[in-house]
Structure formats: C-alpha cells, structure tokens
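Using the sequences plus the hints, can you model the full thing?
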Amino acid sequence: MFKHAARSVRAAAIVTTLGSMPSLAQAADITGAGATFPFPIYAKWAEAYKAQTGIGLNYQSIGSGGGIKQITARTVAFGASDVPLTAKELADGGNLTQWPMVMGGIVPVVNLEGIKPNELTLDADTLAKIFLGEVKTWDAPELKKLNPDAKLPSAPILVVHRADGSGTTFNFTNYLSKVSADWKSKVGSSTSVEWPTGIGAKGNEGVANNVAQTKGAIGYVETAYAKQNKLTTTKMINKDGKPVEANAQSVQAAAANADWAKADNFYLIITDQPGAAAWPISASTFILMPKEVKDATAAGEALKFFAWAYKNGDKAADELDYVPMPANVKELVAKSWAEIKGPDGKPLAGM
Amino acid sequence: MVNIPMSAVSIGGRDLAVRRFAASDAFFRLLTRSAAYFVLTLLGGFLLTLVFGAWLALSTFGISFFTSQSWNPNPDILKFGALAPIYGTVVTSTVAMTLALPVGLGIAVFLTELCPLRLRRVIGTAIELLAGVPSIIYGMWGLFVLAPVLQNLENNYLVPAVSEIPILSTIFAGPSYGQGILTAGIILAIMVLPFIAAVSRDVFQTVPPVLKEAAFGLGATTREVVTRVVLPYSRVGVIGGAMLALGRALGETMAVTFVIGNDPKVRASLLAPGTTISSSIANEFAEAKEAMHSSALVALGLILFVITLIVLAAARLLLLRMNKQAGA
Numbered sequence: 001m002f003k004h005a006a007r008s009v010r011a012a013a014i015v016t017t018l019g020s021m022p023s024l025a026q027a028a029d030i031t032g033a034g035a036t037f038p039f040p041i042y043a044k045w046a047e048a049y050k051a052q053t054g055i056g057l058n059y060q061s062i063g064s065g066g067g068i069k070q071i072t073a074r075t076v077a078f079g080a081s082d083v084p085l086t087a088k089e090l091a092d093g094g095n096l097t098q099w100p101m102v103m104g105g106i107v108p109v110v111n112l113e114g115i116k117p118n119e120l121t122l123d124a125d126t127l128a129k130i131f132l133g134e135v136k137t138w139d140a141p142e143l144k145k146l147n148p149d150a151k152l153p154s155a156p157i158l159v160v161h162r163a164d165g166s167g168t169t170f171n172f173t174n175y176l177s178k179v180s181a182d183w184k185s186k187v188g189s190s191t192s193v194e195w196p197t198g199i200g201a202k203g204n205e206g207v208a209n210n211v212a213q214t215k216g217a218i219g220y221v222e223t224a225y226a227k228q229n230k231l232t233t234t235k236m237i238n239k240d241g242k243p244v245e246a247n248a249q250s251v252q253a254a255a256a257n258a259d260w261a262k263a264d265n266f267y268l269i270i271t272d273q274p275g276a277a278a279w280p281i282s283a284s285t286f287i288l289m290p291k292e293v294k295d296a297t298a299a300g301e302a303l304k305f306f307a308w309a310y311k312n313g314d315k316a317a318d319e320l321d322y323v324p325m326p327a328n329v330k331e332l333v334a335k336s337w338a339e340i341k342g343p344d345g346k347p348l349a350g351m
Numbered sequence: 352m353v354n355i356p357m358s359a360v361s362i363g364g365r366d367l368a369v370r371r372f373a374a375s376d377a378f379f380r381l382l383t384r385s386a387a388y389f390v391l392t393l394l395g396g397f398l399l400t401l402v403f404g405a406w407l408a409l410s411t412f413g414i415s416f417f418t419s420q421s422w423n424p425n426p427d428i429l430k431f432g433a434l435a436p437i438y439g440t441v442v443t444s445t446v447a448m449t450l451a452l453p454v455g456l457g458i459a460v461f462l463t464e465l466c467p468l469r470l471r472r473v474i475g476t477a478i479e480l481l482a483g484v485p486s487i488i489y490g491m492w493g494l495f496v497l498a499p500v501l502q503n504l505e506n507n508y509l510v511p512a513v514s515e516i517p518i519l520s521t522i523f524a525g526p527s528y529g530q531g532i533l534t535a536g537i538i539l540a541i542m543v544l545p546f547i548a549a550v551s552r553d554v555f556q557t558v559p560p561v562l563k564e565a566a567f568g569l570g571a572t573t574r575e576v577v578t579r580v581v582l583p584y585s586r587v588g589v590i591g592g593a594m595l596a597l598g599r600a601l602g603e604t605m606a607v608t609f610v611i612g613n614d615p616k617v618r619a620s621l622l623a624p625g626t627t628i629s630s631s632i633a634n635e636f637a638e639a640k641e642a643m644h645s646s647a648l649v650a651l652g653l654i655l656f657v658i659t660l661i662v663l664a665a666a667r668l669l670l671l672r673m674n675k676q677a678g679a
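Sequences listed follow chains A and B, in order.
Heads up, the first sequence is in the numbering used here, so the first residue is 1 and it goes up one at a time.
Heads up, the second sequence is in the numbering used here, so the first residue is 352 and it goes up one at a time.
Since the hints were derived computationally from the structure, they do not count as laboratory data.
Note that beta-carbon positions come from the ideal geometry of N, C-alpha and C, so glycine has one too.
Just to be clear, a hint being listed does not mean it is correct.
[What the hints assert, rightly or not] So the derived label-pair ranges between C-beta atoms look like this:
1. B:Ile518 - A:Lys116: 41 to 47 Å
2. B:Met673 - A:Glu205: 47 to 53 Å
3. B:Ile518 - A:Asn95: 40 to 46 Å
4. B:Ile487 - A:Pro141: 17 to 23 Å
5. A:Ala51 - B:Ser415: 52 to 58 Å
6. B:Thr418 - A:Asn95: 37 to 43 Å
7. A:Ala73 - B:Glu515: 55 to 61 Å
8. B:Leu480 - A:Pro141: 25 to 31 Å
9. A:Ala277 - B:Tyr508: 42 to 48 Å
[What the hints assert, rightly or not] Derived pair list, reagent style DSS-like, types lysine-lysine, alpha-carbon separation capped at 27 Å:
10. B:Lys563 - A:Lys186
11. A:Lys151 - A:Lys88
12. A:Lys50 - A:Lys311
13. B:Lys675 - B:Lys563
14. A:Lys151 - A:Lys116
15. A:Lys44 - A:Lys304
16. B:Lys430 - A:Lys88
17. A:Lys315 - A:Lys227
18. A:Lys44 - A:Lys230
19. A:Lys186 - A:Lys136
20. B:Lys616 - A:Lys215
21. A:Lys215 - A:Lys50
22. A:Lys311 - A:Lys227
23. B:Lys675 - A:Lys136
24. A:Lys144 - A:Lys88
25. A:Lys230 - A:Lys242
26. A:Lys178 - B:Lys430
27. B:Lys430 - A:Lys186
28. B:Lys616 - A:Lys184
29. A:Lys184 - A:Lys44
30. A:Lys311 - A:Lys262
31. A:Lys315 - A:Lys346
32. A:Lys184 - B:Lys430
33. A:Lys262 - A:Lys335
Structure, rendered in structure tokens:
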C-alpha cells in the first residue's frame, strides 16, 4: 500500500517535471495569462529564454478577456490582450499600463477539397456577407466572380467563429465593421459578438481544429495557427484593391503607416491600413501590467523577459510569421516601463 | 484503607457506565444529525449564492431573461436571454433519453433473462467500464470521430431524404456541421447508457425468480414475462436509474461543449448548432469581465439548478402515484 503510494507520488513528480508548463516546482517562473493569438511566439521566446536564464514562463492562453480579468485581479505578473485598452479601462483595471509586444495577421482559413492555400481570394464585402450568413454556398456568384478559375463546390458554407471572448475576434470584427456598413449595424465589433451564423469554438486552437474537421468550413485564425495546423489560407483584397497573402511582409506593410508615437497609451488598431502590399486584417498584441506592483521580484523578472524578447526575439517572431515591433517603437515602450514601480516607489525596469 | 461496600461500588460503576453510554449516544446523535443538517445548509447556501449572484441579471431583464434568445456579451450592448441555453439543455437531454432508454433497458433484459452466464460477466464489465470513461474522452471522440461521420451522413443522405416531407424537413434541415443539438444528444445518450443499463440490470435481478417461473409456467413468452412481471416489479428502480441518467445528461458540460457548436440560438433543426446551460457557463465564465455578463451566467446556473430540482420532484411524484396504483 505504502509502496504503491510512493510510486504514484514519484510518477506524479515525473509527470510534473516533464510537463511543458513547469508548475509549483519552480517558484521563480514568470506568470502571465491572456490572448491565444500571441501564444505560439510567447511559447517560443519562453523556451529560448529558459535555456539561457533558467527562468521559465507560465503563460495560460485563455483569451484576451481572461487576461484582462486576471491582471485586474492581480493573479498573474502580466496580462496579454489583443485588444488595446482605453485610458478609462486601464484605470478601471487598477492603474494598468500597456504596450504592443508583437504584430501578426489574422487570416481566413477554409476546408475545401482541391483548393490549395492562397488559391482562393476573398474581398472585404464577401467576407462580411459570408459571416453574416448572406453568402451561403461556395459557388455563390460573389465567390465565382472573385475566383473565376477555382473549382468551387456547390456545398454550403459552414462558418466557424470563436465561442469565447477573444482579441482575434475583436480585430476581425473591427475590420469587418470598417469595411461593411451592414456588419457594423447588425453585429458590430467586440471581443465577443452575437454571431448571425455558424458554430463557436474555444480559442484559436479550437477554430483551427474545427475548420480542419469540417468540410466546407471557413474560420479565422492567427497566421501561426494556420501554418502549424497546415490549414488552407485565403488571399484578401486590401484597401488599395490588391490581392495579398497573409505573411510577415504584408503585415509589416500594414504596420508601416502606424504612428505609435502619437497613440495615447499605445492605443492603436492596425486593421484595414492603406498600402498596396498591406494585409488588411493585421493586429498588434499587447502586454498589460500594473503601474504599482506588489510583487516587485515577479514583475521585475517579467520586464526582464520582455526586454530580452525585444532584443533577441525578432528572428523567432519572423519564423512564425509574426512581425516584430519597429526599433523606434521598442524604444518608446522601454521608456514607458519607467512608470512601473515597486512597493518602494522605485522603477523596476533595468533592475 | 477506606471500607466501601461492594454493592455501592458496582452500582456506582453501572450508573457511570449507563451515563457514559447515554452521553456517547447523544454525541453520536448530534454527529449524525449535524451531518444531515450540513447537507441542508449546503443546499440552502448554494441556492442563496446563486440567487444573490443572479440578481443583477434577473432584476434587469425580468421575464424577458427567460423568453429572449438574444445573448450578446458585447460590453456596449450586454443583452442576455436564456431561452437558447434552456432549449438546448432540454432538447439534448430529451434526445439522449429517447435514444438511451430503450437500448439500456434492452441491454438489461438481455443480461438478466437471456444472456449465457459467461457472456454476462464480459458485457457487465464492459458497461461498468463505459460508465467510468471521463466525459472529456467522449467529447474528443465526438468531435474527431463522430462529427465528421455524422456530417457526411446527414448532408448526403438524411437531409436530401427528408427534404420533401413536411415536418421532418424542418427538424432535419441542413446544412449540417456535424456538430449540433443532435450530435450532442447522441454523445449524451452514449454517456448515460451505462447508467441506465447497469441500474436496470441490478433491479431486474431483484425480481424474485418464483414470480417469473410462475409466469413461464402459465405459458407466458419471454417478452410477456419482461413486460408484465419484470418491468412492473422493478419500475421504481428503473425510473430511479433513468432519473440518475437524466441528471447527468442535464448537467454534462465538457463532452457537450465539444460537439454542440456553441451558438446561442433556438433553431428548429436538430442538425443546427446550439448551446446548453452548462456549456455556455464553461465557455464564457473565465472571461466574463462585465458584472452583468457574470450575473447572467450565474442566473443560467440557477436555472439549471431549478430544472434539476423539478426533474427530481417529478420523479418522486411519479413514483408516489405508481406505488399508490400498485397498492390499490
């Protein structure tokens, strides 16, 4: 009996150490929670950071809504959100500060037999109509006109959207609201909206899985998820009327016009940007931290990790089709870290 | 040495012993009584917490919370109606019970009346194992295996087959995602099947052999013995098992969340996506940052609590009436 118990304890210990998310054992781990959109790149950075410093990152990718909730409750050292918070929301969260960490693209993905990645092209209006449930079949005239050469089946279009509150949804619906008056009046833009049609799935992972599972499905995911799950992405016609693929270059092109220096609290949404090469559904993802920190060690370690990621993380971001922040924005952000102070009132950055 | 009479010692000893017994009895009574009252307190506490948490949503939306199917957590809108989750919960459970009850009873009858002894052990163990499978496994299996198969069957065979038949064409209107109310109902049916089968088997075994033998002696067929002797004798237990199963179906969360499509709408088609009370709560609670949103979700919890209470009460009433009829 005793022996048995000891064995299972040992087994449990092994499982814990083997688990990719180190828990209780390492108290020094940085804790964070929030957006699923940047989770692949945070995970990759964390792996490299741990190899260098021995300090791990325990990031729960529970969605932006959850991240805002957890940092407001101060159960984590930092929150992550794909939705920038307004000045009022930052104050409501108990005096928070925010900054953009990395940019990426949100891409429509489809599951259609015989259609290769980026073979299909969509425009803003058609995308809105599909998600409004007005374009119902894959061989609808709107789609045929955009894709005269593609072999489109007469199958129904099955829409997959997020079931949870999500920054990916926020940026996606923000884009649709900008380009379709119908969408703006009927659905609007938020982390979770009342979808006119389709099924809901949890997280970027859930949408990716459901699209992969369901013939005739269309969904929207962050580009890294499309890549990892080998999903069929589509091209989009951008604001300048040019068809573009979702990749690091096209997101970079969308970010080129973004003026972060003028944005209060780095509040900036980069959907539907001008530029011939710009990807229309681009998004930045943000980190949230309290300005008055209770646990100075934890917050200090988190800031060190972000500084390290800004300095050393660009290549990893590139590999996953994320776009690093431009150097001048990184400088602005690093300056803003002076606002984050410990219980003794001293800034934590550069400790 | 003090000289104490023997008898006095023994009387004092008995007195003491009796008193000690009485004290220990009283203590025991107190212990069991507080355990029993603890359950009552707990139940009352749950109810109070739920009502307290749900108050904001219920007082804001009033009766429309039960009649509206608009579920919009957008912070600028924040409108909540529970009709779709209630509908989804009731319909998935109904589908599950409709499918599972006949099959479960069939299994139980076969196991107790017709099955060779050796096979009985094997099938019995399989049912118990099935009951022990965690619900997340059913959910994953439902999403990755059952949903694509159902999507294919429904879109290519079921929907075209019934498209001309008036009522069926509405109930089975496409397109099918493979996920939806029906898929959730089927998964739930598989999950509650072992409960119904195992409980029914156990109660069927309590039927005195002499009753069955007498019926056989009068020339009854196996079907007649089962419907006229076994089922009437064991109906209380069978209904108990069914209620247990219904309770599980109403509250099941994870497996349903995987396969129901999570879309808070009331639609006539069983193939359409929907949502249930528990899967709505599971999906949204972690990120409900608006007070009204949290409150609406707690109100959903309260409604599920009440539905479960009604089911249990209905079961009790049913049993009471049946017993009266049997007694008369």
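We went through each hint and held it up to the structure:
1. Checked against the hint of 41 to 47 Å, the C-beta distance between isoleucine 518 (chain B) and lysine 116 (chain A) comes to roughly 43 Å, which is consistent with it.
2. The hinted range of 47 to 53 Å is satisfied by methionine 673 (chain B) and glutamate 205 (chain A), whose Cβ atoms lie roughly 50 Å apart.
3. For isoleucine 518 (chain B) and asparagine 95 (chain A), the hinted distance range of 40 to 46 Å is not satisfied, since their beta carbons lie about 60 Å from each other.
4. In this structure the supplied range 17 to 23 Å is violated for isoleucine 487 (chain B) paired with proline 141 (chain A), their Cβ-Cβ distance being about 43 Å.
5. As the Cβ distance of alanine 51 (chain A) to serine 415 (chain B) is approximately 56 Å, the hint placing it in 52 to 58 Å holds.
6. For the pair threonine 418 (chain B) and asparagine 95 (chain A), the supplied restraint of 37 to 43 Å holds, since their beta-carbon distance comes to about 42 Å.
7. Checking the proposed 55 to 61 Å range against alanine 73 (chain A) and glutamate 515 (chain B) shows it holds: the Cβ atoms sit about 57 Å from each other.
8. Distance hint for leucine 480 (chain B) and proline 141 (chain A): a CB-CB separation of about 54 Å, inconsistent with the stated range 25 to 31 Å.
9. The given range of 42 to 48 Å is respected by alanine 277 (chain A) and tyrosine 508 (chain B), whose C-beta atoms sit roughly 47 Å from each other.
10. For the hint linking lysine 563 (chain B) to lysine 186 (chain A), the alpha-carbon distance of about 66 Å lies beyond 27 Å, and the restraint is violated.
11. At most 27 Å may separate the alpha-carbon atoms for a hinted pair to count; lysine 151 (chain A) and lysine 88 (chain A) exceed this at roughly 50 Å.
12. Straight-line distance between C-alpha atoms of lysine 50 (chain A) and lysine 311 (chain A) comes to about 15 Å, which keeps the hinted pair within the 27 Å bound.
13. As the CA atoms of lysine 675 (chain B) and lysine 563 (chain B) are separated by approximately 23 Å, the hinted pair is consistent with the 27 Å bound.
14. Between lysine 151 (chain A) and lysine 116 (chain A) the alpha-carbon distance is near 11 Å, which keeps this suggested pair within the 27 Å criterion.
15. At most 27 Å may separate the alpha-carbon atoms for a hinted pair to count; lysine 44 (chain A) and lysine 304 (chain A) meet this at roughly 16 Å.
16. Pair hint lysine 430 (chain B) plus lysine 88 (chain A) holds up; C-alpha atoms about 22 Å apart against a cutoff of 27 Å.
17. Straight-line distance between C-alpha atoms of lysine 315 (chain A) and lysine 227 (chain A) comes to about 17 Å, which keeps the hinted pair within the 27 Å bound.
18. Distance check on the hinted pair: lysine 44 (chain A) and lysine 230 (chain A) sit about 19 Å apart at the alpha-carbon level, within 27 Å; holds.
19. Using a Cα cut-off of 27 Å, the hinted pair lysine 186 (chain A) and lysine 136 (chain A) holds, with the two alpha carbons roughly 17 Å apart.
20. Pair hint lysine 616 (chain B) plus lysine 215 (chain A) holds up; C-alpha atoms about 22 Å apart against a cutoff of 27 Å.
21. Simply put, lysine 215 (chain A) and lysine 50 (chain A) have alpha-carbon atoms about 40 Å apart, too far for the 27 Å limit, and the pair is violated.
22. The suggested pairing of lysine 311 (chain A) with lysine 227 (chain A) holds, with an alpha-carbon distance near 25 Å, which does not exceed 27 Å.
23. For the given pair, lysine 675 (chain B) sits about 57 Å from lysine 136 (chain A) by alpha-carbon distance, which is inconsistent with the 27 Å threshold.
24. Straight-line distance between C-alpha atoms of lysine 144 (chain A) and lysine 88 (chain A) comes to about 46 Å, which puts the hinted pair past the 27 Å bound.
25. Among the hinted pairs, lysine 230 (chain A) with lysine 242 (chain A) is consistent with the structure: their alpha-carbon atoms are about 25 Å apart, no more than 27 Å.
26. For a cut-off of 27 Å, the pair hint linking lysine 178 (chain A) to lysine 430 (chain B) stands: about 23 Å separates their Cα positions.
27. Pair hint lysine 430 (chain B) plus lysine 186 (chain A) holds up; C-alpha atoms about 14 Å apart against a cutoff of 27 Å.
28. This hinted pair checks out: lysine 616 (chain B) and lysine 184 (chain A) have alpha carbons roughly 20 Å apart, not beyond 27 Å.
29. Simply put, lysine 184 (chain A) and lysine 44 (chain A) have alpha-carbon atoms about 36 Å apart, too far for the 27 Å limit, and the pair is violated.
30. Proximity of lysine 311 (chain A) to lysine 262 (chain A) is assessed by CA-CA distance (about 23 Å); at most 27 Å being required, the pair is judged to hold.
31. For the hint pairing lysine 315 (chain A) with lysine 346 (chain A), the CA-to-CA distance comes to about 33 Å; that exceeds 27 Å, so the pair is violated.
32. Restraint check for lysine 184 (chain A) and lysine 430 (chain B): the C-alpha separation of about 17 Å stays at or below 27 Å, so the hint holds.
33. Taking the CA atoms of lysine 262 (chain A) and lysine 335 (chain A), the gap is near 15 Å; set against the 27 Å cutoff, the hint holds.
In terms of the numbered hints stated before, the structure departs from hints 3, 4, 8, 10, 11, 21, 23, 24, 29, 31, listed from lowest to highest.
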